[in-house]
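There are 2 protein chains.
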Amino acid sequence: MKQQGILFVMTGASGVGKDTIRHAALPDIENLYFSISATTRQKRPGEVHGKQYYFHSKDEFQTMLSSDGLLEHAEYVGDYYGTPTKPVKDALARGEDVLLELELVGARKVKEKMPEAIMVFIAPPTLSELERRLRSRGTDSEEKIQKRIVRAREEIKAVKEFNYVIVNELLTKAVRDFKSIIYAERVKSKYITQQDIARFLKEL
Amino acid sequence: MKQQGILFVMTGASGVGKDTIRHAALPDIENLYFSISATTRQKRPGEVHGKQYYFHSKDEFQTMLSSDGLLEHAEYVGDYYGTPTKPVKDALARGEDVLLELELVGARKVKEKMPEAIMVFIAPPTLSELERRLRSRGTDSEEKIQKRIVRAREEIKAVKEFNYVIVNELLTKAVRDFKSIIYAERVKSKYITQQDIARFLKEL
Chain A
29 MKQQGILFVM TGASGVGKDT IRHAALPDIE NLYFSISATT RQKRPGEVHG
79 KQYYFHSKDE FQTMLSSDGL LEHAEYVGDY YGTPTKPVKD ALARGEDVLL
129 ELELVGARKV KEKMPEAIMV FIAPPTLSEL ERRLRSRGTD SEEKIQKRIV
179 RAREEIKAVK EFNYVIVNEL LTKAVRDFKS IIYAERVKSK YITQQDIARF
229 LKEL
Chain B
29 MKQQGILFVM TGASGVGKDT IRHAALPDIE NLYFSISATT RQKRPGEVHG
79 KQYYFHSKDE FQTMLSSDGL LEHAEYVGDY YGTPTKPVKD ALARGEDVLL
129 ELELVGARKV KEKMPEAIMV FIAPPTLSEL ERRLRSRGTD SEEKIQKRIV
179 RAREEIKAVK EFNYVIVNEL LTKAVRDFKS IIYAERVKSK YITQQDIARF
229 LKEL
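Taken in sequence, the protein lines are chains A and B. Residues 29 to 232 (my numbering) make up the first sequence, in order. Residues 29 to 232 (my numbering) make up the second sequence, in order.
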């Protein structure tokens, strides 16, 4: 029996479909705690504090940082993002798996602190498709879209730092592959203990 | 784009449900070649030459062995089993993934020759449940059932040699996990080449 939960970290450019994949996958996956990030970015229409993000002012964010309450934090296109530490560590200690959705810089920081984390990169099929998705989302200025594309070009070079790369071309396949990563990681032989084997051998 | 297929090796005690899992999973998985073994064991009712196994006499089997036509071979409870080499290597070279279903000794030989193979162990929930399944199958003598249980006790100690361990308690979960292993392994970042990244960066 697994004592400690597995930490999954999901990364990918803005507009690549991380939220869509997660929303489609999570209802099917039992025992997976999704960590909600804190951010200083503007709330988009329909977003709710404590649901998509914990929305904070830059001053509030600074206070959390200095009190060591964040597992990682990063600046991205002018805003701050961070992962509150305690709920993540608590869930893992209870044996629950945890999913973090992070920008590349934050993902790297978590991997540094918790090298056993399973890293998943979501890539767009092409950069022009990513640009099309960002535009159709209609939430960013043209300047921000161009910044995001430049960032995505850079980030794709980091794929080899990740365990898995899902190219989100067909959503149903991306969702299936994402769920498969969680399910497959859970049946890795490293979670079988000598106690499990001893118990099995006695049970006849 | 993956040039070479992935080799999956599935192992587990007789009666643990390997065939059932495979039959339930394979119709959903595109591009997976299931290698049919050669064996000297008696055909069971309903079995067909070239479907469950290639059924051969011990003399015929010896001829295949001496002409180097087997990737592995093993003796198990008085009978011989072997994997014809050529169809496996051909499928991998075409970029198709390949699934082998092997006894432990054969699985180890394949892992020795092809260390990149992904090893999956199917375990029964308990030995008494395995015994119950073997009895209800009604194909083995009492002596053979006891031999299989002794073998299963030994084999469970090898789980740590495998990448994945599926405990076949609930069939639907076992099938889901088996498919998940195949899907997840296919999106490992090691299959992303520098050419893939270069092509991606040009496509704007």
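Since the hints were derived computationally from the structure, they do not count as laboratory data. One or more of the hints may lead you astray.
Heads up, the list lumps identical chains together, so a pair's fine if it works in one copy or across two of them.
Claimed, not checked - Below, computed lysine-lysine pairings styled on BS3-like, alpha-carbon distance capped at 25 Å:
id : residue 1 : residue 2
1  : Lys172    : Lys230
2  : Lys188    : Lys137
3  : Lys218    : Lys185
4  : Lys185    : Lys137
5  : Lys201    : Lys117
6  : Lys216    : Lys185
7  : Lys218    : Lys188
8  : Lys185    : Lys71
9  : Lys201    : Lys218
10 : Lys188    : Lys71
11 : Lys86     : Lys230
12 : Lys175    : Lys230
13 : Lys230    : Lys188
14 : Lys188    : Lys216
15 : Lys117    : Lys218
16 : Lys230    : Lys71
17 : Lys172    : Lys185
18 : Lys230    : Lys218
Please read all numbers here as calculations on a predicted model, not as lab measurements.
Please work out whether the CA atoms of Lys185 and Lys137 approach to 25 Å or closer within one copy, between two copies, in both situations, or in neither?
-> Within one copy only: 17 Å inside, 37 Å across.
| message | When Cα atoms must be at most 25 Å apart, do Lys188 and Lys71 count as within-copy, between-copy, both, or neither? | response | neither (33 Å within a copy, 48 Å between copies)
Task: Same-copy or cross-copy closeness of Lys216 to Lys185 [CA-CA at most 25 Å] - done: The answer is between: 15 Å across copies meets 25 Å, while 28 Å in one copy does not.
From the Cα coordinates, with 25 Å as the cut-off, is the pair Lys218 and Lys188 best called within, between, both, or neither?
Both: 23 Å inside a copy, 7 Å across copies.
Status of Lys230 relative to Lys175 across identical chains (alpha carbons, at most 25 Å): between (61 Å within a copy, 17 Å between copies)
Exercise for the section: Up to 25 Å between alpha-carbons, please classify Lys172 paired with Lys185: within, between, both or neither. Expected result: within (21 Å within a copy, 56 Å between copies)
Treating 25 Å as the Cα threshold, decide for Lys172 and Lys230: within, between, both or neither. This pair counts as between: shortest inter-copy Cα distance 21 Å, intra-copy 62 Å.
Homomeric proximity label, Lys230 with Lys188: Cα distance no greater than 25 Å: between (43 Å within a copy, 19 Å between copies)
*asked:* When Cα atoms must be at most 25 Å apart, do Lys230 and Lys218 count as within-copy, between-copy, both, or neither?
replied: within (21 Å within a copy, 40 Å between copies)
- Query: Is the C-alpha distance from Lys201 to Lys218 at most 25 Å within one copy, between copies, in both cases, or in neither?
  - Reply: Close across copies (19 Å), not inside one copy (27 Å); limit 25 Å.
Notebook entry, point to check: Quick one: Lys185 to Lys71, C-alpha cut-off 25 Å, is that within a copy, between copies, both, or neither?
Noted result: Neither: 30 Å inside a chain and 54 Å across chains, both beyond 25 Å.
Exercise for the section: Go through the copies and call it for Lys188 and Lys137: within, between, both or neither, with a Cα cutoff of 25 Å. Expected result: within (16 Å within a copy, 30 Å between copies)
Violated hints for the displayed structure, listed by number in ascending order: 5, 8, 10, 11 and 16.
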